[in-house]
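Both chains are given apart, each in its own frame, so use the hints to dock them into the complex.
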Amino acid sequence: DTAVSQTPKYLVTQMGNDKSIKCEQNLGHDTMYWYKQDSKKFLKIMFSYNNKELIINETVPNRFSPKSPDKAHLNLHINSLELGDSAVYFCASMGGTGPQGYTFGSGTRLTVV
Amino acid sequence: KNEVEQSPQNLTAQEGEFITINCSYSVGISALHWLQQHPGGGIVSLFMLSSGKKKHGRLIATINIQEKHSSLHITASHPRDSAVYICARGADGLTFGKGTHLIIQP
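Protein chains in written order, with this note's numbering: chain A, 1 to 113; chain B, 1001 to 1106.
This is chain B alone, in the form it adopts within the complex (with noise of 0.2 Å):
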């Protein structure tokens, strides 16, 4: 089982949408990460959590340390938040999860 596990694999929603992704870990962290994998294949770091809720435009990340439990949220979704979505625990490196892959509809 992997530590890291994430929820939906696939997600499909049209425009506009509210998107909610969620991330569970086994084992405890010093840090949970958000990552944006596009298309092309670059990745990019969204989100470092150690606790609480961090927000940047229309994404939104919270994290419940007692739980293990993180969640990515997309407010008025748009195609071009169409990606892979991977949740990592952070602790000297990251171990990922296998990714949610969202595709926004028009």
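Just chain A, same shape as in the assembly (with noise of 0.2 Å):
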């Protein structure tokens, strides 16, 4: 029972091309989050979703876009994708009672070529 799973694992792309990542948790969690890691392991937010209502949105380009159909499912849609998109994105979610709070997907590891 994988808690927080995210598809693919590995995706590979030409430039150019629309893509999509998928998440879903079944802990249970109000709030569900995207973040990047680039390729010195460095860890940002991208968006979250509490509730199906967009609450943070950083200066990421609007070629990415979340879509939440339900509070089980948080999926990124990447539009136009560029060499520079490439990195690991992380899938996680927050149920706020938790002694850990957070949990994380396994990652997608997106390379653009």
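To be clear, the hints were calculated from the coordinates, so they are not data collected in a lab.
Straight-line C-alpha distance at most 20 Å; calculated PhoX-like pairs for lysine-lysine: (1) B:1098 with A:44; (2) A:67 with A:36; (3) A:36 with B:1098.
So these bits of chain B aren't anywhere near chain A, every CB distance computed over 10 Å: (4) 1010; (5) 1015; (6) 1018; (7) 1019; (8) 1020; (9) 1029; (10) 1066; (11) 1076; (12) 1079; (13) 1080; (14) 1103; (15) 1104.
Think of the CB as a built atom: it goes at the ideal place given N, C-alpha and C, for glycine as much as any other residue.
Next up, the structure:
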């Protein structure tokens, strides 16, 4: 029973393509996030959703769009992919009451060629 | 300047040593998080702190709100503790430090 699952784990695609990364959590958490880890391994928040409402949108290009059909899912759509989008993308959820707070997905390594 | 600063960036120690990783943050927090990222890439949340001290097995995390400083300690370190440890400031999402790459040699 994976708590936060992301698919696909690896994604290789050409510049200009549109792609999606899916994320699902079965923890009943209210808030879900997308984080990006760049080539220097630095993590940065991209989006968060709380009860289907976007509550944070950092300075992320509008080619990136989060879509949440329900509380358990937060998918990431990326249009017109660029070389600089190559990174590892992590989905996470937070319930607020657990001792550790966050639960992360295993990550999606996106490579744009 | 990053809002969250960690030190050291890299740390190599011998098995059994007591390890300390430090974290300072520049703005207020709702909680301070310690995360572990293994070489395989997965991220595990170790602690969420808003005050005082927490302990889980050989790991201890402390926070001083007035000084905006937190430490992660590992007692009786083991090679399986080798990983990147990341401090993050929590307030509507996480702001991360750059991580401490820890290697424990047998």
